[in-house]
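Protein chains in written order, with our numbering: chain A, 61 to 436; chain B, 5 to 346.
Just so you know, the hints here were simulated from the structure itself, not pulled from any lab data. Any given hint could be a false lead.
Unchecked claim - Computed far set for chain A versus chain B, every beta-carbon distance over 10 angstroms:
(1) Val78
(2) Gly99
(3) Asp152
(4) Leu161
(5) Tyr196
(6) Arg221
What the hints assert, rightly or not - Heads up, simulated SDA-like pairs for lysine to any residue below, C-alpha to C-alpha not over 25 angstroms straight-line:
(7) A:Lys249 / B:Leu287
(8) A:Lys274 / B:Asp275
(9) A:Lys249 / B:His285
(10) A:Lys98 / B:Ser175
(11) A:Lys274 / B:Gln271
(12) B:Lys259 / A:Ala291
(13) A:Lys274 / B:Gly293
(14) A:Lys249 / B:Val286
(15) A:Lys274 / B:Arg310
(16) B:Lys91 / B:Ser48
(17) A:Lys274 / B:Pro312
(18) A:Lys274 / B:Leu274
(19) A:Lys98 / B:Leu174
(20) A:Lys98 / B:His172
(21) A:Lys274 / B:Pro289
(22) A:Lys274 / B:Leu288
(23) A:Lys274 / B:Ile280
(24) A:Lys274 / B:His285
(25) B:Lys342 / A:Asp337
As the list claims (entries may be wrong) - Not close to chain B: a few residues of chain A, all C-beta gaps over 10 angstroms, as computed:
(26) Glu81
(27) Ser178
(28) Asp180
(29) Thr184
(30) Cys369
Note that CB positions come from ideal geometry on N, CA and C, so glycine has one too.
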Amino acid sequence: MTATAADPASAATSGSDVLLEVRNLVQEFVLRDFGGAKGGVLQAVADVSFDLHVGETLGIVGETGSGKSTLARSVIQAPPPRRGQVIFQGQDLVGLSRGALKSARRNLQMVFQDPFTSLDPRWTVASIVEEPLVAYSEGSRDGRRGRVSELLDLVGLDPIRYGGRHPHELSGGQCQRVAVARALALSPKLILCDEPVSSLDVLVQAQVLNLFEKLREELGLAYLFIAHDLALVKQVSDRVAVMYLGKLCEIGPVRSIFTAPLHPYTLALLNSIPSPDPTVGRRETASVISGELPSPLDPPSGCRFRTRCPRAADRCAAEVPELRTLASGHQVACHFPLSENGAGLVTVAADVGGTTAATTTVAAGSPASANPDSTG
Amino acid sequence: MAAAAAEGAPASVQLGPSPLLEVSDLRVTFRTRAASIHAVQGISFSVEPGQTLAIIGESGSGKTVSAQAVMGILPRTATVSGSIRFKGDELVGRSEHELRDYRGRNVAMVFQNPERSLNPTMRIGTQIAEAILSHLKVDRKEAHERAVELLRMVRLQAPERRFYEYPHQLSGGMRQRVMIAIALACGPALLIADEATTALDVTTQAQIMDLLMDLQQQTGTALLMISHDLGLAASYAEEVIVMYAGKVVEQAPTKELFADVRMPYTQALLDAIPRIETEPHVLLPVIGGRPPDLAVIPSGCSFAPRCPAVQDDCREQAPPLRQHEPGRWWACWHPYRKGAPE
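Bound-form chain A, shown alone (with noise of 0.2 angstroms):
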């Protein structure tokens, strides 16, 4: 379990209201081997848990292979996760029945990478946008319409213009547009985004990005958002989720997690990206991890990230290390995390935690701090 909810901190930020909460999710997929004969169990996604409230944006960050986008298709359903719970308004997502998933599913709705695969190439924009209320019997024919004009226009796109034109005809970033319109057409409370923006070129991204801050403060919608690019995430988040092998490898507010990262996987991710500004210069090359991500169907034992951690000791083999809260509403999953000033050395459970550490002063990670800012 996660503290997220039992932290009183991170719960004060956002008001009370969970959303989402995603409780020891577990997914596996089973390869087999020519004749079917099983050939072993690939956990995607091991013992994952955190909480996401309502109007909030938790970024998800993590390299190939790190299993982000398969939790993001467990916490939909598609296919549902092997175990745990995907609690969503308050309601288990896992093993409803058909009718009753659609219904819940209502209020989630998913923006994929490729915007082009993810079209209807034949229909056209406005039918592609109309057709979730269709399927929701949403209003008559023209109340629909008069929706799909609104969504178009609030996506940025003229519905005149585009409404009748396929997705051949629009370039990548009106294409990923028309994707965000066909989401918010339910009205859902949360958007599942995986990569939205990474197919798309650096000044299209940045329009797409600012069009989800607009519909962010406009709707008041909560983003579950998945990327590889960390400054992107850094952009649009609350809060950050750094996984690595399927595992959760540190979740805090998002300035905690850029100034004082306690994982060294996390910092290792922040030293590897090439900065724009040349002043800053290459990192140093000893901070950037070696060798190779292992494979999934035979993680390390204990810690997964133990073979490449510059850190590692005898500890972290025999012991898979905990989510353990460190500083106010952030957590890690390292038996020598990078900094332990402050909540430190209080080895605190997960779920008990939070109260002691969230009254440490980090000023860093300080959640008052970190939320009315984004309004303004």
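Given the coordinates of chain A, work out where chain B should sit on it, guided by the hints.
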């Protein structure tokens, strides 16, 4: 306006004694049934031995087509004019046979997708050895030894064993290392990396870039990086060329460029990048519009319709790329100037 002084600067041509690669007034046009696409509209640049130069631009800016022209691997539908000189030899107009001889020993390329560039049915060692055998006069045994040596050079663990593995047994980063080994097989004087790390994770990208930089130090190979990522260029290149709509719009030494951008397009690109240093939820300054249609050559500056600093003369006449200050080139009538009076 401060621009007047810049315009008056003499457009002197300052090239080194003998550049490795000299591209001048390169034009590439693709003829389709409907229209002629002017992908590259007269670009000039040179690469000195051992230099690291980055060409930056968005999709459709012509950066990859320029690199393909230098490699001599443009499709048959392309019409090339202008001049590409490598060590003084003209490449434009050469036959495929002559170009094949030139590639490999002189210039090699690493592409974005190592999956697509490697043959999935051949052992990686054999693929490297093949590259060696096709360009150098050595026997199979020597080629094998050199392939293992190259695998060691690109820091693959246990190169003797890796020699016999197939591409699917390697990760994306390892495959890109194999591609680099193939590219370096015949000791090229120029290595072109076309979005070589774009498909890789950031930590792997950092490993590959560090490897490329080390190899460059060891071998003295010049590196031409083609990328959309200004951050990558800022971190690794000595000089940066910015392309927009088939033209070079700004060129400068990296440090000077990023400290003091002149061309509004370059500034727009820089502004649009989310930064680790900025606060969350701050809107990015964006410009509207889209890059122009390359089938039509506009009368004025091709960036004018989107430019925040546009003035009337921008629409009438296209600004030429000129050297306004030593080493600093830009194509703009009204460039930005940091700390300028007024």
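* Are the Cα atoms of A:Lys274 and B:Ile280 separated by 25 angstroms or less? -> holds (21 angstroms)
* To do: Against chain B, does A:Glu81 hold up as non-interface, every C-beta pair farther apart than 10 angstroms?
  => holds (23 angstroms)
* To do: For the pair we were handed, A:Lys274 and B:Gly293, check the Cα-Cα distance against 25 angstroms.
  => Holds - the C-alpha atoms of B:Gly293 and A:Lys274 are around 19 angstroms apart, at most 25 angstroms.
* Exclusion check [A:Gly99 not at the chain B interface, CB over 10 angstroms] -> Consistent with the label, A:Gly99 stays out of reach of chain B, its closest Cβ about 15 angstroms off (over 10 angstroms).
* Just double-check A:Thr184 for me: nearest Cβ-Cβ distance to chain B has to come out over 10 angstroms. => holds (21 angstroms)
* Pairwise hint evaluation, B:Pro312 against A:Lys274, where the allowed Cα distance is 25 angstroms at most -> holds (22 angstroms)
* Asked: Keeping to a limit of 25 angstroms between CA atoms, is the pair of A:Lys274 and B:Leu288 held or broken?
  -> Given pair A:Lys274, B:Leu288 holds - Cα atoms ~11 angstroms apart, limit 25 angstroms.
* **25 angstroms limit on alpha-carbon distance, applied to hinted pair A:Lys274 and B:His285** => holds (10 angstroms)
* Does A:Val78 really sit off the interface, with its C-beta more than 10 angstroms from all C-beta atoms of chain B? -> Given a closest Cβ separation of 21 angstroms, the condition holds.
* Restraint status (C-alpha distance of A:Lys274 to B:Gln271 at most 25 angstroms) -> holds (23 angstroms)
* To do: Take a quick look at A:Asp152 and tell me if its Cβ sits farther than 10 angstroms from every Cβ on chain B, holds or violated.
  => holds (31 angstroms)
* Does the alpha-carbon distance linking A:Lys274 and B:Pro289 stay inside the 25 angstroms limit? -> holds (13 angstroms)
Of the numbered hints stated above, none is contradicted by the structure.
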